[in-house]
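Since the structure of chain X is provided, determine the placement of chain D on it from the hints.
So the protein lines, in turn, are chains X and D. Sequential numbering from 0 applies to the first sequence in numbering that gives the first Met the number 0. Sequential numbering from 0 applies to the second sequence in numbering that gives the first Met the number 0.
If you're looking for bench data, these hints aren't it; they were derived computationally from the structure. Virtual Cβ for every residue (Gly too), placed ideally from N, Cα, C. Take these hints with a grain of salt, some might be off.
Said to hold, decoys possible - Partial selection, computed: residues in chain X whose CB lies under 8 Å from chain D: (1) Phe16; (2) Ser54; (3) Tyr80; (4) Pro82; (5) Pro86; (6) Leu87; (7) Glu90; (8) Leu94; (9) Val103; (10) Arg104; (11) Ser108; (12) Leu111; (13) Asp152.
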Amino acid sequence: MSVLIEVDKLTKSFGPFIAVDNISFSLNRGEVLGFLGPNGAGKTTTMRMITGFLSPTEGTIKVCNNDVAKYPLQIKEKIGYVPEGAPLYGEMTVLNFLKFIADVRKIPSSKLDIAIENAVKKLGLELVLYQQLETLSKGYKRRVGLSQAIIHDPDILILDEPTDGLDPNQKHEVRKLIKEMASTKAIIISTHILEEVDAVCTRAMIIAQGRMIIDKSPKELLKGSPKGSTLDDVFRTLTIGNPGEIK
Amino acid sequence: MNTILSITKREINGYFATPVAYVFIVIFLIMSGLFTFYMGGFYERGQADLTSFFDWHPWLYLFLIPAISMRLWAEERRNGTIELLMTLPISTSQAVLGKFLAAWIFTAISLILTFPMWITVNYLGDPDNGTIVASYLGSLLMAGGYLAIGSCISSLTKNQVIAFVVTIAVCFLFTVSGMPIVLNFFSGWTPQALLDTIASFSFISNFTDLTQGVIDIRNIIYFLSLILGALTLNVISINSKKGI
Chain X
0 MSVLIEVDKL TKSFGPFIAV DNISFSLNRG EVLGFLGPNG AGKTTTMRMI
50 TGFLSPTEGT IKVCNNDVAK YPLQIKEKIG YVPEGAPLYG EMTVLNFLKF
100 IADVRKIPSS KLDIAIENAV KKLGLELVLY QQLETLSKGY KRRVGLSQAI
150 IHDPDILILD EPTDGLDPNQ KHEVRKLIKE MASTKAIIIS THILEEVDAV
200 CTRAMIIAQG RMIIDKSPKE LLKGSPKGST LDDVFRTLTI GNPGEIK
Chain D
0 MNTILSITKR EINGYFATPV AYVFIVIFLI MSGLFTFYMG GFYERGQADL
50 TSFFDWHPWL YLFLIPAISM RLWAEERRNG TIELLMTLPI STSQAVLGKF
100 LAAWIFTAIS LILTFPMWIT VNYLGDPDNG TIVASYLGSL LMAGGYLAIG
150 SCISSLTKNQ VIAFVVTIAV CFLFTVSGMP IVLNFFSGWT PQALLDTIAS
200 FSFISNFTDL TQGVIDIRNI IYFLSLILGA LTLNVISINS KKGI
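Just chain X, with the same shape it has in the complex:
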């Protein structure tokens, strides 16, 4: 298995506040890593650093054996990214938006139609191709965000809360899509929804207050805890302490 992402002693501070504190991990092709953690734990900041949107205060990130700080453009070509909230250019139509992304991603014109068709089909966007993005429902917006991330068939997918705002059927579809792509890519998703980790992830990493607390498979995560507990219980124990304490 080839290592696609290597994160070494990654730290990010905003003034006195340490958002990400000394996180290290590596990710192979075929793995789906779930970032779990309470709001403000540092999940989004970590993803922003891997995609090159923020630069780390300390530590290094290697993507496909290249340092993100040294070769930002080459690395960005290998990554498909859905930022938090899936921001889009509201005045564009879905089709024009996808064409723009394909254009900037330098997809050759001979493959352009197929690439767009695939991205559209996988996320079921056929009916809204000519609609302006700002007129779409939250679910559709999210799916357009996902389709722009997979249009160039990247080695690495980084998805910040990809199923937020989707209805149960759409969630199911997106999870199915992630599973389909899992064998050929390295995928990182962040989520609050623990069943999602169970459904799609091969590894779960719990982050709280910028620190990595645990890095195991979802099954192992359950193993160490009392019988009958769910991932929810494990999550609460690890991030707060005793689950019984909160109320």
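Using the frame of chain X, we list chain D on its own:
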């Protein structure tokens, strides 16, 4: 290069997909007409030239250009689309240039649409068309200067109103730096050489030179280096936000 053009294309389409483009062009044309005929005294002057048209351009741009430039980066920051843009394989300078070019081309389109003025003056008399061409060129270069300053300021904030107001203030200083309002402040306690330098930064004096019909390379270099300088600061400002 292709990447820059992709961004430029997207931006220009964006102007025309919203009412922004049409509102701007219509207001620009109406205002430039009003200024030329009423305040500039186009007929009263009794001369077949476009001096009364071009003389008002610095003041027209002072308020209209910041309205275009304010959204260039502030809107991306507010909507979060800057995260999408800057995680595509695009360098910061490509993004800055692409957006600036789009705004500049858009201004050029508005400027070209003032051509009835040119036709009118040719119908009424026998103007020096060489001078008019030089004036159009000067006007476009000056618009580029205003836009570059505006783009740079827009990258410092996510609030478009702040970008608009600050851009007007900074552009005002550049516009009038050759006038007594600025020079009187410095004269008396600064050496003449510095005074001349400040005066030479004036948009109006550099633009007026070009509207005289003399294409002086110094005026062109002035505007181009101003654009380059402002856009370089623009790139630095965007890159520095990565580190915070």
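So, going through the hints one by one against the coordinates:
Given the 8 Å rule on beta carbons, the hint for Phe16(X) is violated: about 11 Å separates it from the nearest Cβ of chain D. Nearest Cβ of chain D to the Cβ of Ser54(X): about 5 Å, under the 8 Å cut. The hint holds. With a least beta-carbon distance of about 5 Å to chain D, the hint placing Tyr80(X) at the interface is held under the 8 Å criterion. Among the interface hints, the one on Pro82(X) holds; its C-beta lies about 4 Å from the nearest C-beta in chain D, closer than the 8 Å criterion.
Because the beta carbon of Pro86(X) sits about 4 Å from the nearest beta carbon in chain D, less than 8 Å, this interface hint is met. Residue-level restraint check for Leu87(X) holds (minimum Cβ-Cβ distance to chain D is 7 Å; threshold 8 Å). Hint status for Glu90(X) relative to chain D: holds, with the closest Cβ pair at about 4 Å, below 8 Å. Hint status for Leu94(X) relative to chain D: violated, with the closest Cβ pair at about 12 Å, above 8 Å.
The restraint placing Val103(X) at the interface with chain D holds, with a minimum CB-CB distance near 5 Å, inside the 8 Å limit. At about 7 Å, the closest approach between the beta carbon of Arg104(X) and any beta carbon in chain D falls short of 8 Å, and the interface hint on this residue holds. With its C-beta approaching chain D no nearer than about 11 Å, Ser108(X) sits outside the 8 Å limit, and its interface hint is violated. Of the supplied interface hints, the one on Leu111(X) is violated, with its beta-carbon coming no nearer than about 13 Å to a beta-carbon of chain D, more than 8 Å.
The beta carbon of Asp152(X) is not positioned within 8 Å of any beta carbon in chain D (closest approach about 14 Å), and the interface hint is therefore violated.
Hint compliance for this structure: hints 1, 8, 11, 12, 13 are not met, and every other hint is.
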